[in-house]
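Asks: The lines below spell out each chain.
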Amino acid sequence: MRWLPVFKKEMRLYFGSPVAYVVFTFFLLISGWFFSQIFLFYSDASMRSFMQPQFGQNLNVVDNVMRPLFTNMSVVLLFFIPMLTMRLFAEEKKAGTMELLLTYPVRDGEVLAGKYLAALALYLILLGLTLLYPGLVAYFTRVEWGPILSGYLGLILTGAVFLAVGVLISSLTENQIVAGFGTFGVLLVFWVIGWGAEFAGGTLRTVLQYLSIGDHLEGFTRGLVDTKDLVYYLTGVGLALFLTLRSLESKRWRG
Amino acid sequence: MSWLKRHTLTAAVICLLLAGALALFYPGVPARWLFLGLGGALLLLSLALHAGEARSAMGTRTARYGAGAAVMVLLALGIVVAANAISVRHHVRWDFTENKRNSVSPQTIQILKTLKAPVNAIAFFRSDTPGKKTAEYIDKTLTRITLPGAMFLALISVLPDFLIQWFNTPFYFGGTSLLIVVGVALDTVRQMESHLLMRNYEGFLRKKAKGA
Chain A
1 MRWLPVFKKE MRLYFGSPVA YVVFTFFLLI SGWFFSQIFL FYSDASMRSF MQPQFGQNLN
61 VVDNVMRPLF TNMSVVLLFF IPMLTMRLFA EEKKAGTMEL LLTYPVRDGE VLAGKYLAAL
121 ALYLILLGLT LLYPGLVAYF TRVEWGPILS GYLGLILTGA VFLAVGVLIS SLTENQIVAG
181 FGTFGVLLVF WVIGWGAEFA GGTLRTVLQY LSIGDHLEGF TRGLVDTKDL VYYLTGVGLA
241 LFLTLRSLES KRWRG
Chain B
1001 MSWLKRHTLT AAVICLLLAG ALALFYPGVP ARWLFLGLGG ALLLLSLALH AGEARSAMGT
1061 RTARYGAGAA VMVLLALGIV VAANAISVRH HVRWDFTENK RNSVSPQTIQ ILKTLKAPVN
1121 AIAFFRSDTP GKKTAEYIDK TLTRITLPGA MFLALISVLP DFLIQWFNTP FYFGGTSLLI
1181 VVGVALDTVR QMESHLLMRN YEGFLRKKAK GA
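Top to bottom, those sequences are chains A and B. Using our numbering, you'd call the opening residue of the first sequence number 1 and step up by one each time. Using our numbering, you'd call the opening residue of the second sequence number 1001 and step up by one each time.
Hints are all accurate, no fakes.
One side of the interface only, derived from the structure: several residues of chain A facing chain B at Cβ under 10 Å:
#: 1; residue: Asn-60
#: 2; residue: Val-62
#: 3; residue: Trp-145
#: 4; residue: Asp-229
#: 5; residue: Leu-230
#: 6; residue: Arg-246
#: 7; residue: Ser-247
#: 8; residue: Arg-254
Anything over 12 Å on all C-beta distances counts as not near chain A; from chain B, calculated:
#: 9; residue: Ala-1012
#: 10; residue: Ile-1109
#: 11; residue: Leu-1142
Source of the hints: derived by calculation from the structure; they are not laboratory data. Note that beta-carbon positions come from the ideal geometry of N, C-alpha and C, so glycine has one too.
Take these sequences, add in the hints, and give me the full structure.
Replies: Next up, the structure:
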């Protein structure tokens, strides 16, 4: 339980400074804009489908509002999460408090757990605030909650991977901007790597497609939970956190 | 000599990277073996040139712990790759939509279960033009079949204008309205037909039964 003080300190840093509020404000602003636009488009389309019955047979509010919203939110997260994680270790190193942190009677794993869980908690609060959108939809019409919950599960897992990569890269450098851009670059590479699958063949195609983060999110947004995707996300988080631990440890032996 | 000492390692790494890139993107080109051999040779050469430094660096704390960390990282990578490979081959999927629209329906599964033998799909195409040529051929044929129909529709849509212009007929439908009227009429007939068939009537176009 010695990760708790680290966790509390990080939470105090997030909520005691404008960071959390700025992130919340702009994320909700952008995702709310997406939601309203998609919802308006959907209501327009469903009005039109009254006149052409064969056109509107597959129209349903979860597939046509929540699914694009989840995809859009995941792209916005791609930009936001590097900024949440970039200071976690880089700032400590820059300010020289890293040595202090490492000499406290807490293990590396506990420091990492405290910092990672704090970032994850902030992210979960952020996602919790977006529950307003399905709530609004449910106020106007009947929704099926299964695909919405699985979509949120997908977003939580995607965010967990993003945060883990961000923590890893923040532990490698002492420059916050390098950490932020590095995280963004790595995530973007994993986001677009699947596009290369179109022109590749054989095993390479399968591998490229499998590495792509967006491809794994797609099933969740459709209401499908697959052990394959769960394993991808969880091993991704595990690997990134493991590498972070090694990187923290390396400070003890690097010449 | 010092120049050689400094740059052999870089050259070796470049050669090995080239070999990897060739193997990945041009699997048919045998040049990758050349680069692989060259890279290996350069690597050995640079090790030999740096023998003294290598020996002294090998014994330090940094080297020991670094090697340990590298082995751990490689092991972790191996475990992650293996776990993902296994999970791709054996995976379970749950569908959380209410009407299970992402899954195969039980009726379809039932029908599939009643199949005794593998299903044969028969397609006809010319044996001298397999693959893409056949696709183009089918596309061309379909286009040619569609052409008369399209011309007929175009004729209908401009017919009212001609009727009004040349014969001074009092025709109150425009071309598009005529198309819509014809389309709706055809569609209504088709829907009634399908309802009749569904209720086990024989439809409008039944053949004369014997004695009736």
